[in-house]
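Asker: Required output: the full structure, derived from the provided sequences and hints.
Protein chains in written order, with this note's numbering: chain R, 215 to 666; chain X, 5 to 256; chain A, -5 to 180.
Check before you lean on any hint, since a few could be wrong.
As the list claims (entries may be wrong) - Output of the computed footprint for chain X on chain R, the stretches with three or more beta carbons under 8 Å from beta carbons of chain X: (1) 231 to 239; (2) 250 to 263; (3) 453 to 459; (4) 524 to 530; (5) 644 to 650; (6) 655 to 666.
It should be emphasised that the hints constitute simulated quantities derived from the structure, not laboratory data.
Ideal placement from N, C-alpha and C gives every residue a C-beta, glycine not left out.
One letter stands for each residue in the lines below.
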Amino acid sequence: MSHPQAATEFLKDQAKAKWHDETLWFVRDKRDRISKTIPEWEELRNLASQIKENVLSKLDVYLEEFERNAQKNGIQVHWAKDAEEHNQIVFSILQKQKCTAIVKSKSILTEECHLNPYLEKNGIEVVDTDLGERIVQFLNQPPSHIVLPAIHLKKGEIAELFHEKLHTEKGNEDPTYLTHAARLHLREKFLKAKVAITGVNFAVVETGEFVVCTNEGNADMGVHLADVHIACMGIEKIIPRRKDLGVFLRLLARSATGQPVTNYNSHFRSPSPGKEIHLILVDNGRTAQLAREKFRNSLKCIRCGACMNTCPIYRRSGGYSYGSTVPGPIGSILSPGLDMKKHSTLPFASTLCGSCSDVCPVKINIHEQLYEWRQEITKTHGELGKGLSMKLANGIFKSPLAYKISGNLMRTALKTLPKSLIYHPINSWGKGRNLPETPKESFKDWYLKNRK
Amino acid sequence: MNQPTPHIGLFIPCYVDQFYPRVGISTLELLEKFGCRVSYPLGQTCCGQPMANAGYERDTEGTARHFIELFKDFDYIVAPSGSCVLHVKEHFPKLPDLEKEHQDIHDKIFELTEFLTDILKVDNLKGKFPHKVGYHASCHGQRGLRLASSSEMNSTPFNKAKSLLENLEGLEWMTLSRTDECCGFGGTFSVTEEALSLRMGRDRLDDHENHEVEILTGGDMSCIMHLQGIASREGRKVKFMHLAEILNQAIQ
Amino acid sequence: MSSRESILNAIRGIEKEEKPLPELPLFGISEDVETGFRKSIEGNKGYIVSEQEFLNWLSEASFPKVYSASSSYASISTLSLPEDPHDLEDLNLAILEGQFGVAENGAIWLDDQQLPHRAIPFITEHLVIILKKENLIPTLHQAYDRIGLDYSGFGLFVAGPSKTADIEQSLVIGAHGAKSLRVVLC
Ligand code: SF4
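Answerer: Next up, the structure:
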């Protein structure tokens, strides 16, 4: 489904769409308020951006140094060029441990690699332990938001689900009651798991450690009870110095949810005696994105989700409308790099309002990259290029502008676009909007009469 | 030391020329009231923004070249549209032989309100406009040209339009719940993502109505065309005026 | 070629100009550290208590299973440290010492020295952290300055009880880890 179709579907349930918009706006508003209590906020954003740009400018050097330091700490480092290799590495570690059930805390990367279905196919039970992720896992859905995975669901739906899966009382929708039911259910899983998987928020070159942030404490519950900790990270998660964490941790939670810091920020440097830590460094399209100069700095992203919360499109179309692992504005500049054809409508799912760029804690020029992707996508020839330019032609020429504008623009367009489209009879502008009244004379006519 | 009054090239976006001549007239008259020498170069066409935002920047070379040739000799270029000004500044395709001219234009083109506040240094307007006014910040003006501080950022609040309007006697500036959210116009977005565009527009209108706005104003007729289109279809009461119209009317 | 080499080579093959790494200022806060810290912990849904309040609460609650890693409260422990952290599954209360606390956000730093098992602050039902007022600092910048490059296999900033808002953004305390955090500020 293209983004416009999915968005139209989402908007059919008007009350829910409004709730979705308002709930995420509330999160953004909290973020606005807390960011304004930090006088150096904009300076922190600058610093974070500069640190990340430095990282991207010498990533190879940093990765090698990080690997050396991590190995010195007793961490076993693996490299995966793509999703498949990443999944195989995880599976081979599990096989060695003779492990058939794992717990996993939030990791967008493992979503991106489709690790769960891969492991399940191989007979491994995977339990996502973040509450929101567990909810969507029960529903066989991916997360619809990278920080708030179940934000598209209402408590009634969750109550229904928990009644079925966890035998909670029918009709009890109290979030505290439901959360505590999940606590009991997941505790059992934590106590049994021999291997725990986590994502990585930051990996520090100079110390060879990595940091995982949660509010629930689920990452730590998993790894400290298990014998083996597998941490999966994209190669862009590197930061050079430990003190850089000061900048990033100050920005991350405030940007994500408007809280001053996540309640648990765990720094993993060496395994506990007798245990193992495996760290998988994953490329999966990142070096390709690094090579695209215009889109390189999309790799600065720290996955705070703020651009989703602020995006007027995301709030009103929901995470699934994007059809990509990372939805929202940042997803729309990352995904076309992975599969331009599949994600060709995403860079157009924006008004280029720029709110995402202003909210982003690492100052990614998201809306400018959306604009640049549009230029790239329309250039691609063949099927894709044609299909798209037709859609756009529709767009341009169904707007009221088409009725009047002449001159260069129209002439260029007439050269490149099929006539049937330009004179397409259906006018989607007019479905819910009136056209402006046509005045007797144009400004130019008036000017000629009155000033010449 | 009698310096000649700077010569201003009036840039009237194509859709304003065709649909909203009043806005063009108000802009011209307003500038003249401030003693400016203004000319409207007759050959102007669309600046190419709809094409570029749709992904065809490379096909707008002709329009860009034409624009530069037409406007390069003015001291300033002023337009009643943040969006078109931003396009001229940031999204003209690279024209190696006109690089310097484009840079000059980049530095001397202004959206109307910023021209009034930053170049003419207008700070104490005298006039009357006894109405409850709601301001729609066009995103390209707001975050592109920084005509007002954006709500996302931690900076000293400012708003160039407000600093002009609040001088007018009787004008009540109505503060909205979401001061700078997008209206959902977005050029081709308004038709390619029709459902979203309408929803966003309605939400903006609701915000204005909930704050008892009588007259919704802004610096970009494209946003207003979209909002007004919805309002008139739905029989909403709110009225619409471009900032230039309010200012020009108020300081008769 | 190994994936390691192919990834590194791919990066090396990209032409890029090295960008400088910025120096970081040590930003402070405008209020005094104790006021700030108090506000932060309370905002994170934890409690700041005096020693007396803590003791009163303790005697009222009369928890069956208590473990103190703080030598000052060793006598309160009802159990000795098991070898396997799984055996702490039904621990009611853990008492730990914090190295220092960060006023801007309530984060308290603990590392392997304070954590005989890394699982303790998570698996326990309630968590109490003993913290000296003199060890309060303004922001995370001072925090990392203080930690320096010191070695510890594990380090933790804990700033509140376990919490979630995954159901309709309603805040619920006690997701998986500790259901409450009390900081004894002395
Ligand atoms: S792009 Fe920026 S705002 Fe969006 S998730 Fe990444 S870091 Fe956050």
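Asker: Confirm or reject each hint.
Answerer: Here is what the structure says about each hint:
no. : hint       : verdict
1   : 231 to 239 : holds (count 3)
2   : 250 to 263 : holds (count 5)
3   : 453 to 459 : violated (count 0)
4   : 524 to 530 : holds (count 4)
5   : 644 to 650 : holds (count 6)
6   : 655 to 666 : holds (count 9)
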